[in-house]
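Model the full structure from these sequences, guided by the hints.
Here the protein sequences line up with chains S and W, keeping their order.
Going by the numbering used here, the first sequence opens with residue 1, and the numbers climb by one from there.
Going by the numbering used here, the second sequence opens with residue 72, and the numbers climb by one from there.
Possibly wrong hints are sitting among the right ones.
What the simulated footprint calls covered on chain S by chain W, stretch by stretch (three residues with Cβ under 8 Å from a Cβ of chain W suffice, anywhere in the stretch; the number is not a length) [said to hold, decoys possible]: (1) 4-10; (2) 19-30; (3) 59-70.
Simulated crosslink set (DSS-like; lysine-lysine; CA at most 30 Å straight-line) [what the hints assert, rightly or not]: (4) W/Lys101 - W/Lys582; (5) W/Lys250 - W/Lys233; (6) W/Lys548 - S/Lys42; (7) S/Lys36 - W/Lys343; (8) W/Lys264 - S/Lys67; (9) W/Lys112 - W/Lys101; (10) S/Lys36 - W/Lys309; (11) W/Lys286 - S/Lys67.
If you are wondering where the hints come from, they were derived from the structure by calculation, not from laboratory data.
On a predicted model such as this, the values are computed, not experimentally measured, just so you know.
Where a beta carbon is used, it is the ideal one built from N, C-alpha and C, also for glycine.
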Amino acid sequence: MNIRDLKIGEQKTVVCFNCENICGKLLCMGVKPGCKITLLRKTNFDKTFYLRIDGSRMAVRADEAAKIELM
Amino acid sequence: MQKNYKIALLGNPNAGKSSVFNLLTGMRQKIGNFPGVTVDKKLGTALLAPDFSVTLIDFPGTYSLFPTSSDERIVTNTFTNPQDENYPDAILYIADITQLEKHLLLLSQVHDLGLPVLLALNMADAARADKIEIDEKSISKQLGVKTVVISGRTAEGMQDLKRELKEICETSGDYILGKTFLRFSDEEKNAAKNLREKFSQQSDYQRVLIAHHYKKLPFLTEADRAFIEQNAPLESLKHQVRGTMQRFERIEPLVRSSVTRPGDAPDALTDKIDDIVTHRVWGLLIFFGLMLLVFQAIFAWATVPMDWIDAIFGGLTEVVNDNLPDNWFRSLLTDGVIAGVAGVLIFIPQIAILFFLISILEESGYMARAVYLFDNLMRRFGLNGRSVVGLVSGTACAIPAIMSTRTISNRKERLITIMVTPLISCSARIPVYTVLIAFVVPSVTVWGIFNAQGLAFMGLYLLGIIAALASAWVFKKILKSEETSFLLLELPVYRRPIMKNVFLTVYEKTKTFVIEAGKVIFVISIILWFLASYGPTKAMNEATAEAAQVIETEQLTDQAADNVLAAKKIEASYAGHLGKFIEPAIEPLGFDWKIGIALITSFAAREVFVGTMATIYSIGSDSDEFAVRDKLREAKNPKTGLPVYTWVTSLSLLIFYVFAMQCMSTLAVTKRETKSWKWAGIQFIFMTALAYLGSLFVFQTFG
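Following this line, the structure appears as structure tokens:
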């Protein structure tokens, strides 16, 4: 599953990224396998996701959200 | 003489770099350019001890030495090239204690570069409030980097920071890097070895970075690139991932052993605020409420100081007029110089107020939420969540609005925002709309409550908004971007804004506008003054003679006589000739040469249109909009005897002013913000073309 499958308030652990392009960027920002991700809220039409990633907060688009595999 | 040490300020976005920069340098800041890119470089002088000052260079906030945007690329470019003009003697690295693990990644990379580094653990006050305890000695020892604990907000630890910085500068010549944080893989070891001869001044890790990024590093020659390709290419992603993971594997236990957190529920207050502020419905309402406040501030409140500035320069003009003889010099002084300076300074209140509000929104952490809310909508038009602020401010004035796009980090999205913002109807269009709308729409009540002219006003605003979004969409399709568009946006914890930062931002924005854009506006003012005041000698003499004849036969009063003379003179001036020259081009739009003159002079600013029309129709340029409107109503075409200002001509002219780039100040700011005349030129051409085609369509369809 990936972030798009999360329900609001649900928490999962990052397994891997299925896209090379943003993998490097995500790693630099401290999003790495083993991180705990909680979906806090979404914008209208589920286009942008508001996440808590370990101790910090981050917004990602649906496109990027689909690239973060969770378990 | 003490050596002039250069210190680079580095850190992740939101680490609080600018607070530290402001604390160390105060007002001793200036803005420069990084070579080859349109990113501002902030330089400042920091006095570390009574007789010891250093130059501080503020680099763009970045997450790692593996850049994904051109802002971040500046850091990699500079730090792999000891010949770079910005290559420092030492590095001051700012990290947020409350997010230490993330912030130490770049530090560990920076450490490996081989430059002396001072680590400033920032936000000590916030950490204390969150009951986070930190053992900085242990961090310093494990990282092999000198460390101080500071707070950019309360200025605690600044004395220690200055002392350590001074020491690190003085010993920078003897600094030798111990063990690198990264344990090189075999390929990396190989690359470092193979490049040792060619890049003898670099450290091993710098050589590894060159092997990673060689395709994009600007200081390399083609021969260098070919050499690296042959001898030391490092396939970027694999090595980057391995290196990053390895660094985190060491950072994690390091942070765990030196930082104690009370629990893992960070900052519940931010969550509570965001429940409302980023809510699907309330969030949007709050955003529009805030934008209404911004709009109100620049639209209404700024007019008070603007009136003062206007009055001061009006008074100054009078003083000059009363004390100097009526000659070219007086005219240059009043209509050229004073008008030019006033034309620059009049924008200061709007700019200062807008940036005061924007930097409070930015500093508090709200702006990131606005991006979250509007990213999807704006992205469809090639814009950014932050573009909303620019577009809304554009309804007051495009100049501060364009300057506010600085916070958009994606270059293409920022450029598009700059290009389309002037299409939003600004306050300077209001006088023009007021004069002309009466010719198009009668002042009657429709549907019981609405005034038809008011509705027409709204229609013009809507037209501007539609044009802006449509043009943005077209630019999005045309412009190529090498940056892939993605949104990985940190939503920082809400913090009370640091007022020192807010005021320095206001000061810096205002100063930049007055100096950079002011120069251009001033020069164009003088040129326009010249065009409107001078003409071929023969024509000007004839005009004076004609005016004298009219005045004599009609027995005019002094005031009326002056008005007639001014009207004849502007007709005979170069501007008048230009107006006649462009008449064939604007005739299909329904305009005559008189409107042509007004189009030319109102390039200075749209509101000049009313004044010029007043002069041409000899009713005195200080008349109000309604006197001008009455005069225009009477104007007849000398050949046909029909009124010049029919509703079609007026509608055509209205449409022209909705779209046209009739504002030299905006062009000057676009040039300044994009750092090239190219984009200012494109903006001028596409908006003028839009205006021309719009008017042509209206006049040919309804005329």
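Cross-check of the supplied hints:
no. : hint                : result
1   : 4-10                : violated (count 0)
2   : 19-30               : holds (count 11)
3   : 59-70               : holds (count 5)
4   : W/Lys101 - W/Lys582 : holds (10 Å)
5   : W/Lys250 - W/Lys233 : holds (26 Å)
6   : W/Lys548 - S/Lys42  : holds (28 Å)
7   : S/Lys36 - W/Lys343  : holds (20 Å)
8   : W/Lys264 - S/Lys67  : violated (37 Å)
9   : W/Lys112 - W/Lys101 : holds (8 Å)
10  : S/Lys36 - W/Lys309  : holds (24 Å)
11  : W/Lys286 - S/Lys67  : holds (27 Å)
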